[in-house]
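Dock the two chains into a complex; use the hints.
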Amino acid sequence: MSDIAITVRDLGKRYRLGGGGAGYRTLRDSLVGAADRIVRRQPREDLGSIWALRHVSFDVARGQVLGIIGRNGAGKSTLLKILSRVTEPTEGEAEIHGRVGSLLEVGTGFHPELSGRENIFLNAAILGMGRVEIQRKFDEIVSFAEVERFLDTPVKHYSSGMYLRLAFAVAAHLDPEILVVDEVLAVGDAEFQRKCLGKMSSVAQEGRTVLFVSHNMSAVLRLTDETIVIESGQIALRAPSATAVDYYLAAGMGEAGERRWDGDARAAAAAPFRPIALRVLDSQGRIVSQVSSTAAFEIEFEYELDQDVAGLRTGVYLSTSRGEPVWTSFDADDPATFDRLRSRRRGRYRSRCHVPPNMLNEGMFALGVNASAFRVRSFFTDERALTFSVDGAGSPGSHWPEPRPGPVRPALIWDISEVSG
Amino acid sequence: MTTTSEVPLPATSNVTLIRPSRGWVTLGLAELVRYRELLYFLTWRDIKVRYKQTVLGAGWAILQPFLTMVVFSIFFGELAGLPSDGIPYPIFAYTALLPWQLFESGVTKAGGSLVLGRNLVTKVYFPRLAVPIAPVLAGLVDFLLASLVMVGLMAYYAFTPTAAVLTLPFFLLLTLMTTFGVSFLLAAGNVMYRDVGYLIPFLMRLWFFLTPIAYATSVVPESLRWLYALNPMVGVVEGFRFALLGAPLPSPGILLASTAMASALLVVGTVYFRRMERTFADVV
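Which chain is which? The protein sequence lines are H and W, in order. 1 is the number of the first residue of the first sequence in the numbering used here; add one for each residue after it. 1 is the number of the first residue of the second sequence in the numbering used here; add one for each residue after it.
Quick caveat, the hints were computed from the structure, so don't treat them as lab data. For each residue, glycine too, the CB sits at the ideal point set by N, CA and C. Do not rely on the hints blindly, as some may be mistaken.
[Said to hold, decoys possible] Coverage of chain H stretches by chain W, computed from C-beta distances (three or more under 8 Å per stretch; other residues unrestricted):
id	segment
1	92 to 98
2	118 to 130
3	373 to 383
So here's chain W without its partners, still in its complex pose (with noise of 0.2 Å):
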């Protein structure tokens, strides 16, 4: 929207056509670039909005995953004695916690984005998809400070970053991907049905001990890991604690599960949001 139909275009070469739409629908991706400054206004919303009227502010960014290493140390690392493949246990769950977050403040609240935002939607005209799209930008912003802690912990526990580090964006570009695929679903589903609302927690809940957090890949039989890659959170943590501490590459069939997984939750996300988008002012 900046340059391009700021210019008063000639009146002929600017129509819109509204028909009902019927069967597939286009991804509307170029819409979506149209719009990239409504995008980055709703995510500088999301951004600003989040933590007003707080005392600490942004420092929950930091508080958040810190303290639930702190509590994962104790009771998982120490207590319990789970496994962490040699690395020392804070950090080890540091590292994934940070991805974690990431993944679980985004569709949380997206999950539930469409539903609140309401009153825009059944108002205005603009590409839907911005709107669980704001919230999981937003929440990179969280992800930038708490990766702050990260460099702290490395320091601490002498890790020194080797070239891994450099396939560190990948891993980050597919924390997104699930991201934005399972959010796109459920806010989407939410939208028809309110039952999603409840199920996003408990979903949440399920899914982090589905993921290699609080424990290492290791404890699961090698015969099942294939399955258990289909979580593509999986090969997301496995690859940030390769990035980040050294640790193994994961294995060709956990990378391969989990990217091919986190591109159908993408893909199917999306097709299934651009699909219920046309009754979302009826429905909501």
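So here's chain H without its partners, still in its complex pose (with noise of 0.2 Å):
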């Protein structure tokens, strides 16, 4: 018996480009095509194609827990459709060992017209449960689902929360030898979130295997020991989760310790607010993506206003790279201040936060930023704007070398002394 569940070797998918972006041709497209192909002998190709996926290879041991991370558009959901047999590889080759269940967008496959009842025969026999076995788990499912009221109830009538809970119900007592879960815990109350996780992680204990996907990075690190991170395709970096989340949270995100939002979308649609770099400096001044435990360094929000704002602050969260908040702190937190700055006028500003030396442990930290007038409107949140690194060299206790769990690194005022008697 073999102990590998997944096999991918060099696996590719392309997609062809079609002109004007619709998602599918018409019949007079093709003719035209063709009649374009026949006179001027163009080769079919010159359409134009993307590789979404390419040259990746890599084992899943049986009864692993694997994550799978990366941005939107990275490959991620390519990979999952071909390994769950929705799309075809158009290159390489991947070997499944044992029945694979996907639990690709909860719901897919639930039809409103038919009761919470119907629903759950219907949507199990999709995903592949024979109606024996489905009798055998249906009490099962209705308790974890919590519908038992509503059964005999159409679901367009049920609330978003309980056509969730029906539709996870039902993926997660599909038992399959391999489980491939995409993206399903980014929507339900926090309550079922755990609900959702505690199953998977009973799941992964009955050693099954588990491909998880997820934006959610304290869940992947919860969940996996080992982490893909795929980038443009390609599998950029295969490690324990700790290490994969924190080179996905890097990657990319803080270039050179600036951020900066030149034509960024979000950032246009916040006017008259006006975003424009968010830096880390060192005591000198200049942009670092790295700064010393037991240096002072500054934290420097660059935006400009299109006309007066009143009653503005903007503010900058920190946090670990894992999502764990550190502090938050706003320009205008001093009364004094926010007086003196009751309208800011148009123009262009700089808020710049010094932090004190000896505050954050060596680690990597997230920097998040905030523009509002408190209660009366939100102009622009960026929770993770950029990344930095602390260097925890020369910090209390270093000459210890031993991690210190914990965000911060104070330096902190003993009073040893003896006590006799």
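This is the structure we're talking about:
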């Protein structure tokens, strides 16, 4: 018996780019295209194509929970679609040992007119369960979803939460040998998310193989030991999840300690507030991506106001790369400052935050920004605008080469006295 | 999916190899059989949903062909005086409408099924053929309901079934083969070219007039009948009238042409569908 659940070798998927961006062709387009090819003898490949995935190879051991992370459009979904056989690869091959169940977007195949009960049967059949199997698990599914009272109501009358719970319940009870999970936890309330995560880790403990795709880094860290980072259709890194998550969060987000918003659509929508840049500066005023734990540094937010703005405050969220908040601070936190700047006139501004030495522990940190008028309007928020790293050399206790848990590393004053008697 | 694949198989005996398919593909019928549970549930869904939130419900399955028959009898039978080979016009038309409605509603529903089921096709793997097959099978329920009216009409016009009625399953099979063949072609075509969606109603109207529903085959010149019978629905309608009304057995030429054509449509439709299938999720 093999210990490998999935083997992927040199997998690639190419998509043809259609003209005009339409998702489908009309017969006329094809006829015109065919005529064109005959007359001009153009080869077919000229339409242009894009490799959504290329040269991807990896193995997944039986019983392993593997995380897959990457930006939108990096190729994660394409990979999952190939592995769950929804679409065919253009090249390469994959070997799957066991039944694959995919949990791609919950609720696929639900019919709004059918009752909860009917949809359980339908959805389970679509996911590959037999009738006997569904009947056996029916009660379990219903109680997991907490929809007992509404079993015979058409799901079109369900709240979105109920709908979601039911859908996840069906998929979670599929019991495949290999479970492919794509971003199901992005929705639902905290209570439900906890339940889903619990169900997934119990699935993993039963020795099933799980491929877990998510943008929720803390879920990835909690559920997986190892993670693959996909970038532009290729595997950029396969590493223990903590390393992979750090890599992913650092990659492409804060090149050289500065984040600019030139031509960013979201930033353009924030008018009259216009973010320009967020920077990390060392004590000499240089833009840096790494600061020393023992030295002061500055966080600078540059922005422009297209008109006078009343009650504005701009601020910074500091969090660890895992997403745990460390602190939040606004430039008008001091009441005197806020009074003085009741209205900021149009023009270009720089808000600088001075961070004292001996505050942060070594590791990766993320900076977010916010510009708002309290209880009036939030102009602009970017929770993860920039990342930077902190070097711990020389910080208190660093003469012992051991990791110190916690995001902060203050130089605290100790008083040691001998108590006699 | 009932008993066989539910038993947890030893890991190594359950290997799926995913690789680009090349050239001709298998028909994949074995896999379709393995997924018969899904086929059952999709069909069941179509039946359940078909008349949801309607007042008359399944009554529509009876009313539609019945009212069509009434209108035909008034306009084509009485006013236009189309020939019905000596059979009372209402039952003459109804016998033809029975398989025709199965064909027309099947093709119409199946033709758009893949595009309508886009959500499913792009998210979950299963044999795609199940998608257009389900609405056609669901149409069989309407067919059975409409058959009740047929029984009533036969009693009313005092038609006693003869041994010929035993050939009915064959002609029903012919109807299904044609319906499946055309459905597969159009459903797969519709994924690529949305023109097909506009083509279907138009095609059905043309096809209706090329089938002896409102008139008898006898109006078609003898020398052209073999060509005419290349429309397999000609053989079907003639066959239904033979089996139920005691009309003369369709000529061997008609039977042969229609059966051959129905088989060809089924094979071509299935092969085309299977060839296009691999790109469905990317294109639909």
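Numbers of the earlier hints that this structure fails to satisfy, in rising order: 3
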